[in-house]
Amino acid sequence: MVNFDELRAQIAQEFKEVETLDVLNELRIQYLGKKGKIADLMKQMKDVAKEEKREFGQAVNQLKAETSALLEEKKKELEAKALEEKLASETIDLTLPGRKPSHGNLNPLHLIEQELEDLFIGLGYQVIEGDEVVDDLYCFERANIPKDHPARDMQDSLYLDPAHLLRTHTTAIQMKVLEEQAPNPIKVVCPGKVYRRDDDDATHSHQFMQMEGLVIGPHVPLSDLKGTLEFFARKMFGQEREIRFRPSFFPFTEPSVEVDVSCHMCGGKGCSTCKGTGWIEILGAGEVNPKVLEMAGYDPNKVNGFAFGIGIERVAMLKYGIDDIRHFYTNDKRFNETFDRMD
Amino acid sequence: MKISKKWLERYMDLGQRSMDEIATTVTNAGFEVEDIVPLSQGTNLVIGEVLTCKDHPDSDHLHITTVNTGDQVRPIVCGAPNVAAGQKVIVALPGAKLPGGEIKSGKIRGEVSDGMICSLAELGVDKHTLSEAQLSGIEVLDQDAPVGHTDPLGYLGYDDTVLDIGLTPNRADCQAAWNMASETAAILNIPCQLPEVAGAADIASDVPTQLKIVSETEKCPHFYGKVVNSVTIKPSPKWMQELLRASGMNSINNVVDISNIVMLETGQPMHFYDKNALPHQEITVKDNLDTDYTTLDGETYHLQSGDVVITSNGQPIGIGGVMGGNDSKVEDNTQGIIIECASFDHVSIRNTARRLNLNTESSIRYQKGIEPLAAKKAIDRAVDLLIQYADAKDFEQTVEFGCDHYEEKTITCTVEQINHRLGTDFAKEEIVDVFARLNLEPTVEGTTITVKVPSTRLDLEGMADLSEEVIRMIGYDRLPSTLPVMEMTEGKLNPQQRQRRFIQTFLCENGLQDAITYTLVSSTKKENAIFSTGDALELPTPLSEERRYLRTSILPSLLESAAYNHSRGNKGVNMFEISELTSTQGVIEHLAIVLTGAMNETRWLKTSTPADFYTLKGLVETILERSGISENRLFFKPNQKDTTHFHPGRSAEVYIGKDLIGLMGEIHPLYANEVGLKHAVMAELDLDQILETKKSKIRFTPVSKYPAVYRDLAFVVEKDLPASKIVEVIKRSGKLGKESIVKNVDVFDVYQGEHVGEHEKSIALTMTFQSDVQTLDDKTITTIFNSIIDAIVNQCKATLRSA
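So the sequences go chain by chain: X and G.
Note that this note's numbering has the first sequence beginning at 1, numbered continuously upward.
Note that this note's numbering has the second sequence beginning at 1, numbered continuously upward.
Honestly, I wouldn't trust all of these hints.
[Said to hold, decoys possible] Computed list of chain X residues with no C-beta within reach of chain G, every gap over 12 Å: (1) Val48; (2) Leu158; (3) Val220; (4) Pro300.
[Said to hold, decoys possible] Cut-off 30 Å, straight-line C-alpha distance, at most; resulting in silico cross-link-like pairs (BS3-like, lysine-lysine): (5) Lys275(X) <-> Lys6(G); (6) Lys100(X) <-> Lys617(G); (7) Lys275(X) <-> Lys127(G); (8) Lys100(X) <-> Lys694(G); (9) Lys452(G) <-> Lys302(X); (10) Lys694(G) <-> Lys302(X); (11) Lys269(X) <-> Lys127(G); (12) Lys147(X) <-> Lys452(G); (13) Lys291(X) <-> Lys452(G); (14) Lys743(G) <-> Lys695(G); (15) Lys5(G) <-> Lys193(X); (16) Lys275(X) <-> Lys54(G); (17) Lys147(X) <-> Lys409(G); (18) Lys302(X) <-> Lys617(G); (19) Lys2(G) <-> Lys275(X); (20) Lys193(X) <-> Lys492(G); (21) Lys275(X) <-> Lys5(G); (22) Lys735(G) <-> Lys725(G); (23) Lys725(G) <-> Lys492(G); (24) Lys100(X) <-> Lys492(G); (25) Lys409(G) <-> Lys319(X); (26) Lys5(G) <-> Lys291(X); (27) Lys319(X) <-> Lys492(G); (28) Lys127(G) <-> Lys54(G); (29) Lys428(G) <-> Lys291(X); (30) Lys2(G) <-> Lys147(X); (31) Lys571(G) <-> Lys100(X); (32) Lys6(G) <-> Lys302(X); (33) Lys735(G) <-> Lys761(G); (34) Lys637(G) <-> Lys678(G); (35) Lys492(G) <-> Lys235(X); (36) Lys6(G) <-> Lys86(X).
Simulated from the structure, these hints should not be mistaken for laboratory data.
Built from N, CA and C at the ideal position, the CB exists for glycine as well.
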């Protein structure tokens, strides 16, 4: 007589001890195969007494079902284990370098230029460029700097011939814009390269970049310049910045001001960047001189407006703490790469 | 300009204001104080008398002295060679703070020293104003100097502080101390009393004179001359010496000092000649001499036509407005003088001073501009001082050539105009007060204000100038902060600017550095222009030969930057530059690219993108395609334009349609060597054409519902056959009815080597077949596929390798 309990226990024990899928498969064949032990039991049915057949059959089927369940369960367990082992064996060294795509970045001057452009575009300005070789007329005469005016001593220019020169300031673009737009309102920034007769050293460059701003309308007073530049200073150097105006002189503006920004390095307490004053001189600006408006074709009694000129190098040097203006033009990769991330 | 505290105090009561305070206030009103310089420094000083002096036993130069400092007698060790018993000296007592540090009592080589006997240099006096003797030893005071006096610097007149003020070009009037003083008083809002000298030169108006003055040039339109037959040369008064010293000038004698002090006071340079040196009593101003001339500094200069020259009897006696001559200068034995006080054209003076590199106190003033009435003030003041301090007598009447061309002007404005321009809300009274302080003598009618423009303020031309006076005097801290309120404007970049930014961003994100190189280049770089925009413009007077020409091509400069990086061991040097180029033919913007090092490199995985022709081509194609110029408008043809700078077999002319837009390819090895690079691929492209060429609009075409079928082909063809030829043939033959069903042709292998003939190559391609209107069955595809093979075999002299 078959002792089912003993057999069940034996099967359970054997399945429990299985550690590989191969052995499990052998067990499956041994018990559940066509010639396996459970099939053998089925064959013994014929020898079982008639009244016990039903009970025997049920017991065999139950054993078969239980064994199948055991098999499935074990199979899952072993498969999971095998996968786990496979994955474990596939472990990589996370510390090796990744495949970084190469990237470059903008020259910091272009970075600042674009930042400024975007800042003023946000205020409704358009961006206007102009030619680098300009007529003396637009560079000086129209800017109220007539020949032999003492202001000409402030900038020494690179002339191609008596009437043409490499522009000494982006004001030259401004004068052209004024002429083209008169008598309509204007709201523009004009970025560009400018040139002076300077020997290159840590603080001078014969070529550098400026951005001129110009707003003309029926009533654009000096206080609007202050508000605009306050916005600029806070965007460029931080929300806590204050600005201050100091009287100055430019032939094309009246009143003219030098604009200081409270030092972004020390917050105004005084440090080496601001030479202990708490303030940094950042740009020149003013209310457009009525003579300039008149020469361009405006009626200075009907419109007014302001202009400002930002030195891109100066902003970049202050913002990033750059000590030598020549860095911008050497294109040393080690320098340029400093500016390769969001700021 | 320099003005000292004592100088200001001659005209006004500064009260308790410190110099720092004054400097800040004056700066905020438009006169930037660049430096505050004390004439001397030192605390805890006293006048002492040296009682005894003997040599220090342990030193070859030190002396042991005893000094009476009033309260006690102190032992002091002193190293000065000139120290001696009986001298009155300046003693720094222990605890004194001097520019060099603090004085402590102690022992020097074993001898007690309870203080220091000082030289003026040790007390911070500008060395340039000291004599050799003063520089090499202690300062010896007059015998009557009071021992125990605790302000020796004040006793000597060194207790002054100088403001160094940077004047803006419109305020050259403040070169004159009188004008600066009255401006300062206006800013501080205190009364100011200047010396009253008007009319002083009218003395002896009835005494006839032999002096003849004439100007033969319009560069000297106005000129005063006056003969003073008797003067006494002696030292000038202490106050004058002190003021000169505070202005950085040395005292010579009373007469010379007067000419200098008058120039400092009024801004008007003047010259005193020894009357005996000008026996002809005649002065003529000329500008047509060509001669060598020795000035009173002993230097000889070459004068040429155009220079303003003062002559007498045809001989030069001075360079007009620059410097006088040696022969006629006032000396100790001078008995009488001739005063010259003239106006000169500032441009002419500037040109002469620049050419001769001779910037004098006089020439600087003329260049910056002198107010029209200064000459009159100066001659009045000179006569006034000569009488007071040089016993001047026996004057002759003043002679005048020309006139001052001055007309009094007024300006009218309204309170509303001023506030409208500034964005302020100042009251009429405040505005009128500013004008009154500035001596503009305002008169008011309703809200209309009329001011008189003084001769010193010719910078005031209209309402705008007055608005500046108002805001700078009231203070910029009262300017509100507002934003423009005007018609809505659209802030934006124009399409070209947007596209340029896209290209910058694209190239940066693909591994290239954005570079900026100089516009001005050497002749070598000019000659090496690649895809030049035209004939280079030349500067007639360049900064240097390195910066003579305006470049017509970016690459030579960009290659130099690449070489610079290589020479410093930088890896992966790949860069681009966008720049405007100006030539005789106009302005064109270019984009230049230089690749010299592998990109996207991960060394341990041995993967990278090489810096070769195809990487560059891919970048160029992508820029153009993503700018909206479709692939079928782009052509890369063998480079026949420039094989000096490019490898002749590995470079291309780039076309959009029929328009040549640039050159690209591998650098020629000889040129690479010339610029200091081992290898590079480079492109110079006309960005204007790229930006301005017509772009296709983005339009959605429905994605085909029918499946795509892929087939590969490989052919052996002649080595020189361009792959594009096969692609063309495939596209042309791959038609089903009218529909082109070859959607894509992709070259996936090119082989040359032992398995094909010496002059052959194998090309393998994948074709994508897809119809928009039907499912392509196997039979249809095979038919078309076979016709493609036939076409290639026939038209490209190809042999089918596998299909």
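| Checking against the hints above, which ones are violated? | 2, 3, 4, 8, 10, 11, 15, 16, 18, 23, 24, 25, 26, 32 and 36
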